[in-house]
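For the record, the sequence lines run as chains A and B. Under numbering that gives the first Met the number 0, residues 0 to 273 are what the first sequence spells out, in order. Under numbering that gives the first Met the number 0, residues 0 to 404 are what the second sequence spells out, in order.
Don't take each hint at face value.
Pairs of lysine-lysine, DSSO-like flavour, derived with a Cα cap of 27 Å [stated by the list, open to error]:
1. Lys42(B) <-> Lys161(A)
2. Lys165(A) <-> Lys42(B)
3. Lys45(B) <-> Lys9(B)
4. Lys109(B) <-> Lys161(A)
5. Lys146(A) <-> Lys10(A)
6. Lys161(A) <-> Lys9(B)
7. Lys161(A) <-> Lys46(B)
8. Lys161(A) <-> Lys113(A)
9. Lys161(A) <-> Lys192(B)
10. Lys203(A) <-> Lys192(B)
11. Lys192(B) <-> Lys165(A)
Honestly, the hints are just simulated from the structure, not real lab data. Since the structure is predicted, the reported quantities are computational estimates derived from the model, not experimental observations.
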Amino acid sequence: MTQRMTDRFAKLAEENRPAFVTYFMGGDPDYDSSLAIMKGLPAAGADIIELGMPFSDPMADGPSIQAAGLRSLKGGHNLPKCFEMVRAFREDDNETPIVVMGYYNPIYQYGPEKFLDDAKEAGIDGMIVVDLPPEMDEELCIPALAKGLNFIRLATPTTDEKRLPKVLSNTSGFVYYVSITGITGAAAPEPDQVAASVAHIKAKTDLPICVGFGVRTAEQASAIGRAADGVVVGSAIVSAIADSLDDGQASATTVSSALDIVSSIAEGVRSARD
Amino acid sequence: MSMQAPNSFKMGPDNEGQFGIFGGRFVAETLMPNILELDEAYKAAKKDPEFLSELAYLNKHYTGRPSPLYFAERLTAHLGGAKVYFKRDELNHTGSHKINNCLGQILLAKRMGKTRLIAETGAGQHGVAAATVAARFGYPCLVYMGAKDVGRQSPNVFRMKLLGAEIEAVTAGAGTLKDAMNEALRDWVTNVKDTYYLIGTAAGPHPYPELVRDFQSVIGKEAREQIQEMEGRLPDMIIASVGGGSNAIGLFHPFLDDDGVQIVGVEAGGLGLEGDQHCASLTAGRPGVLHGNRTYLLQDPEGQIEEGASISAGLDYPGIGPEHSWLKDTGRCEYVPIMDDEALDAFQVLCRTEGIIPALEPSHALAEVIKRAPQMDKDQIIIMNLCGRGDKDVHTVGAALGMEL
Ligand SMILES: Cc1ncc(COP(=O)(O)O)c(C=O)c1O
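One chain only, chain A, in its complex shape:
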């Protein structure tokens, strides 16, 4: 784990509250608005930032994140700009862990080694690469761990007893439990089932378990946060950004809409263990 990640989870444990992990798409709808949102996230209650890297063919994402990726690409966003955003963010905040999330092909074209070096240099703590299961660990996971970066893996309701050890091996930072079988932004998870699954995974690892996919409201976040070490919210933030746009462009309310929903869900997360 990177020091930032270790410190953050230690602090959360001390305060006895789950982490609030916020996902948004870098470059959506443009670089400046997106950086402003990112800079506002910690004050709005985000404990860990997941920064989306756009891909033309996001096979595990629902319509709202697909659309965000296309807006971002249309605005000319790419990996160098993603690193630039992180460097700009780190000028004021060297504590909030940043995890980049995306698909493998843009990384593969950039060059996996160069990607890892540049990510580390920019101040990124880890990565989630949706289409790299443990079977493909040689591609990026092993080199990332060797450089001291976190490789965060998704565990899902289809990850059975036999497969769980494989998913947990080489995972670092935290485990991202995908609470539904499906794409981002789909059905809401069932808190009781999530609690059981989290307990099940916890028996096999010391890593924190963050839960996401389908969490949209403060109430849901609060219910999930009772059992999990962290709650991930993405589509709800991305949708708020989309709803604020004026003809596809950022409006005066784009940044505040994103941060308002983060603040309101943060209250739910913070009250989870009251």
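Chain A is already provided as a structure; the job is to place chain B with the ligand on it using the hints.
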């Protein structure tokens, strides 16, 4: 790139599902258990005499196999060079080679206890074949089809509906085959337990490229026997069109270790390779990762996938099955582009010399035959995979030729 030649070109994929660096299993974790389950099921099925005999029975009595190997006498005379033979998979039930794969996979789905089928389609030939086997085996079937393709392949959309399938027009991206495949994968990620994803070409995560190839290899196995019966020897050259690569690998695979057989795959060159109006992933693309496998892809310098373009909806895919990528890099097979207008010319030549209306996909292979045969000796032999009939394309061809239908 050229690598050291392996002892056999037929051994792949390896245990990781890779052909050299190509192939693999680049999928979301939710799908991994399914992919592994499919791999197990297929390994068992291909050793099970009952499975194989049921497939052989259906191939014979339902599809009409073996398809004829036909000596195209007038075309040969017209070209004045090598003898041209057609492997006539366009005579199959449903009108193309796609049925070979669908029958194999529906039997697998049944074995695995799956109760719902999904499929992606471009030209609609695979969608029709999938809808056909779904009807034959009593499965509900949902076919994802790019909205643009729904428009340009309307006869096939209607055929699928007649067969009881539901069609979902995909508007994401450019609304073509790659977007339909994304949407099918999203469906599968959501409905992992009961759903069987019937992929239509020799691409996708392992084991699809392997099993689709195996089910399509009936084409090459038959052709290899038939030509020896008819000519007493193997051909000098075999040619097929490549979209995702299933009809081509089906013809090629049984010949891969026959040194004397030259193998040529034909990609859609669209309006030319200079711009982005083509689908020549092997000739003009670079290795990358999409739809579960590493393979040659049309993509921009930053790894964003580009839309292909071709007059033939069935070749309109920015990727290619991973085994073809490997066969290209090892140098065993050669891949060349054919432009839209060359394919259109070839289409018309075949109509008039042989009385066969071909699909636009094999018309690309035919255009390459038309270039090569005259350069070869009269005692040389070419086999071309005539993998689909052209009924579905008459509107497209009419429009391209400026004819009012
Ligand atoms: C007649 C025909 N040929 C070829 C193709 C291309 O697919 P493949 O390269 O998998 O054979 C299609 C696809 O729809 C088709 O309908």
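* Given the proposed pairing of lysine 161(A) with lysine 9(B), does the C-alpha separation stay at or below 27 Å? -> Answer violated: lysine 161(A) to lysine 9(B) is near 32 Å, above 27 Å.
* Asked: For the pair supplied as a hint, lysine 203(A) and lysine 192(B), is the alpha-carbon distance within the 27 Å limit?
  -> holds (25 Å)
* Asked: For the pair supplied as a hint, lysine 146(A) and lysine 10(A), is the alpha-carbon distance within the 27 Å limit?
  -> holds (24 Å)
* Is the hinted pair lysine 109(B) and lysine 161(A) satisfied, with a Cα-Cα distance of at most 27 Å? -> Satisfied, since the Cα-Cα distance of roughly 24 Å is no more than 27 Å.
* Asked: Holds or violated: are the alpha carbons of lysine 161(A) and lysine 113(A) at most 27 Å from each other?
  -> violated (34 Å)
* **lysine 161(A) paired with lysine 46(B) [C-alpha distance capped at 27 Å]** => holds (25 Å)
* Given the hint that lysine 165(A) pairs with lysine 42(B), test it: the Cα-Cα distance must not exceed 27 Å. => holds (22 Å)
* Asked: Between lysine 161(A) and lysine 192(B), does the CA-CA distance stay at or below 27 Å?
  -> Roughly 17 Å separates the two Cα atoms, so the pair holds.
* Given the proposed pairing of lysine 45(B) with lysine 9(B), does the C-alpha separation stay at or below 27 Å? -> Answer holds: lysine 45(B) to lysine 9(B) is near 16 Å, not above 27 Å.
* Asked: Is it true that the CA of lysine 192(B) sits at most 27 Å from the CA of lysine 165(A)?
  -> Judged against 27 Å, a Cα distance of about 21 Å means the pair holds.
* Asked: Given the hint that lysine 42(B) pairs with lysine 161(A), does the C-alpha gap stay at or below 27 Å?
  -> holds (20 Å)
When the structure is compared with the earlier hints, violations turn up for hints 6, 8 and for no others.
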